[in-house]
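If you want the building blocks of each chain, they are given just below.
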Amino acid sequence: MDDGAVLRLDHVVKRFGGLVAVNDVTFDVKKGEVFALIGPNGAGKTTLFNGVTGLLPPTSGSVIFEGREIAGTKPHEVAKLGIARTFQNIRLFEYMSAVENILVGEHCRMNAKLWDSIFKTPRERREEAAVHERAMELLKFVGIDRWANSYARNLPYGGQRRLEIARALATKPRLLLLDEPAAGFTPQEKVELMRLVGKILESGVTVFLIEHDMKVVMGISKRIVVLDHGEMIAQGTPDEVRSNPRVIEAYLGKQH
Amino acid sequence: MNWLRKAWSTDPRRDRDAMVYIVLLMFAVLFPLFANVISGGSPSFWLSFMADGGVYMLLALGLNVVVGFAGLLDLGYAAFFAIGAYTYAFLASNHLEVTPLHTSLHLPFWIVLFVALFVAACFGVILGAPTLRLRGDYLAIVTLGFGEIVPRVFKNAAVWTSGVNGISALDTPQLPFWIQGPWSGDSFAFVTNLKIFDPFGYYVIMCLLLVLAIIIVRNLQNSRMGRAWAAIREDEVAAAAMGVNTVQAKLLAFAIGASVSGFAGTFYGAKLSLVSPENFTFVVSITVLVMVVLGGMGNIPGVLSGSLLLYWITFWLLPGLPDTATNVANAFGLTGLTHTSGDFPGIGEYISRLKFLVFGLILVVVMLVRPEGLVPSRERQQELKKGTHEDTIIEDVQAEVG
Chain H
1 MDDGAVLRLD
11 HVVKRFGGLV
21 AVNDVTFDVK
31 KGEVFALIGP
41 NGAGKTTLFN
51 GVTGLLPPTS
61 GSVIFEGREI
71 AGTKPHEVAK
81 LGIARTFQNI
91 RLFEYMSAVE
101 NILVGEHCRM
111 NAKLWDSIFK
121 TPRERREEAA
131 VHERAMELLK
141 FVGIDRWANS
151 YARNLPYGGQ
161 RRLEIARALA
171 TKPRLLLLDE
181 PAAGFTPQEK
191 VELMRLVGKI
201 LESGVTVFLI
211 EHDMKVVMGI
221 SKRIVVLDHG
231 EMIAQGTPDE
241 VRSNPRVIEA
251 YLGKQH
Chain G
1 MNWLRKAWST
11 DPRRDRDAMV
21 YIVLLMFAVL
31 FPLFANVISG
41 GSPSFWLSFM
51 ADGGVYMLLA
61 LGLNVVVGFA
71 GLLDLGYAAF
81 FAIGAYTYAF
91 LASNHLEVTP
101 LHTSLHLPFW
111 IVLFVALFVA
121 ACFGVILGAP
131 TLRLRGDYLA
141 IVTLGFGEIV
151 PRVFKNAAVW
161 TSGVNGISAL
171 DTPQLPFWIQ
181 GPWSGDSFAF
191 VTNLKIFDPF
201 GYYVIMCLLL
211 VLAIIIVRNL
221 QNSRMGRAWA
231 AIREDEVAAA
241 AMGVNTVQAK
251 LLAFAIGASV
261 SGFAGTFYGA
271 KLSLVSPENF
281 TFVVSITVLV
291 MVVLGGMGNI
301 PGVLSGSLLL
311 YWITFWLLPG
321 LPDTATNVAN
331 AFGLTGLTHT
341 SGDFPGIGEY
351 ISRLKFLVFG
361 LILVVVMLVR
371 PEGLVPSRER
381 QQELKKGTHE
391 DTIIEDVQAE
401 VG
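The listed protein sequences derive, respectively, from chains H and G.
Under the working numbering, the residues of the first sequence are numbered 1 to 256, in order.
Under the working numbering, the residues of the second sequence are numbered 1 to 402, in order.
It is worth saying that the hints were derived from the structure and are not from the lab.
Virtual Cβ for every residue (Gly too), placed ideally from N, Cα, C.
Don't take each hint at face value.
[To be verified] Example chain H residues on the side facing chain G (calculated, C-beta under 8 Å, incomplete):
no., residue
1, Pro75
2, His76
3, Arg85
4, Phe93
5, Leu103
6, Ala112
7, Tyr151
[Stated by the list, open to error] Output of the computed footprint for chain G on chain H, the stretches with three or more beta carbons under 8 Å from beta carbons of chain G:
no., region
8, 17-23
9, 94-100
10, 117-127
11, 165-175
Take the sequences, apply the hints, and build the full model.
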């Protein structure tokens, strides 16, 4: 796959019994871009994310990551392959400190075997020191290093969202899926978030996000896909999507 | 010596765990001397009593990995204890001669210790595998079933285990070689295959096993795997999405927990020189679980002190209550109370019937006073404050400075 697609969804369908949550969706996410997925509530956006990350594998169709079929792959293997995600309703490890949350993210990039851990071998100690250092760097990167030793649940709301992004980055992903990262943010926080997404992009990670806030979506994404009732109704640049009559209809209803 | 100075200068209010470790260590070292003094030179009973207590501490330590670290409620933990004990019984006695094998092995205690560890770990995985998709109450029911099945198998597979009679006359642990001298009350001599009959020997072995188990479990807690367990306990879906192989981590928790109880089982069998299905009932599982919860789930020093306290209550305080009551009655001149009269069976017998009521009351009171356990982990303490301290309190002192 040399056309620059990091992630390719090909005729992806997800059914829950009789309900078709995602119906025949096909699109590419290209390397080095910010790609946005928008749509009204219940359109199937998060279901699509769950399909990509293996939490709820798609019923049919294929998900291709860097030229490799990953539909049906276990979540932890998907993470290891290089796809990380955040959750719409924050899912941090609440009673672990911010640093520990990030260390869990590093889990799949660590080599210490059980034996090393039991006997605290020099190799294990070195690795622990290295990942602790990297965890602190990541906390600085997202700007919450002053809460490093606080419990995740005690962080302010914005801090928790940032911590989730840092934890996802700790898995060293090449594709980062953000599920409504700006939900509940103040305008100021939204601007900071957009800056952070820019920084993540610069570090070489492709960003694929779900977002409701049009300002954020239009501001940072290069291409947009619009879902409505599980169907893909539009795809294109922000300007194209904005003027698409079907999109306007889905969001605002038909004009009578 | 540096670590000693560090441990000494630690402010107990800041590092309670270190303090508990030091107290436990000093207790372990000083107990034989203390027992010698209070028993007037024949401390055997006390040393034997504490060595048995160590079995429960080991069990609690192992169960803590499953319940405290990984958050998997296990109600059938005694099964692994039984498996460890029976492993020793099979491998270190004449018993196999009366089974269809007609030949017996006499492996040394020290080797069986690790064989039992391995066997129990395998059964941990076997039990873990079907429960992987279950959590909380549902998992508890399945493990409860396993805990009931294992002793029953040992009871009913009489051809192999001689059923309810159990297996007796197990080998006494031996040291391969030993130098005798005044320290053991003998003249100088180099002996081989020294049999350990002395309760002090068992006490020392138990202390060594405990230290070994504590180090291993502690190292695991502060490692990659310990964090994976904590992550699974907090949010399994998020843990999987962050690249934690939840299947592997849960099976490993079961295996590590089981292997510690394999240790305990081997020691128990060797010391008692007898194993019987009656020794591994549901009551054992529940007692160990209560030790873990009451001591402070997920926190090793808490679990150790909890198991020690509960062991003392169930095996010393409660059995001694009737005698104590009789003595008190006599001391106050109420000798009439100590005899049977009509429906009243005498105060000693009366109190002994109330034993479990007292036990229940103690548990209720402790859990009301310290719901998070005697020496709780930081997270457990926080969790229980959840209702009262909502929102965004920054617990860390450094955070406010930074």
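So, going through the hints one by one against the coordinates:
no. : hint    : verdict
1   : Pro75   : 4 Å, holds
2   : His76   : 5 Å, holds
3   : Arg85   : 6 Å, holds
4   : Phe93   : 4 Å, holds
5   : Leu103  : 5 Å, holds
6   : Ala112  : 5 Å, holds
7   : Tyr151  : 6 Å, holds
8   : 17-23   : violated (count 0)
9   : 94-100  : holds (count 5)
10  : 117-127 : holds (count 5)
11  : 165-175 : holds (count 4)
Violation of the numbered hints given earlier is confined to hint 8; every other hint is satisfied by the structure.
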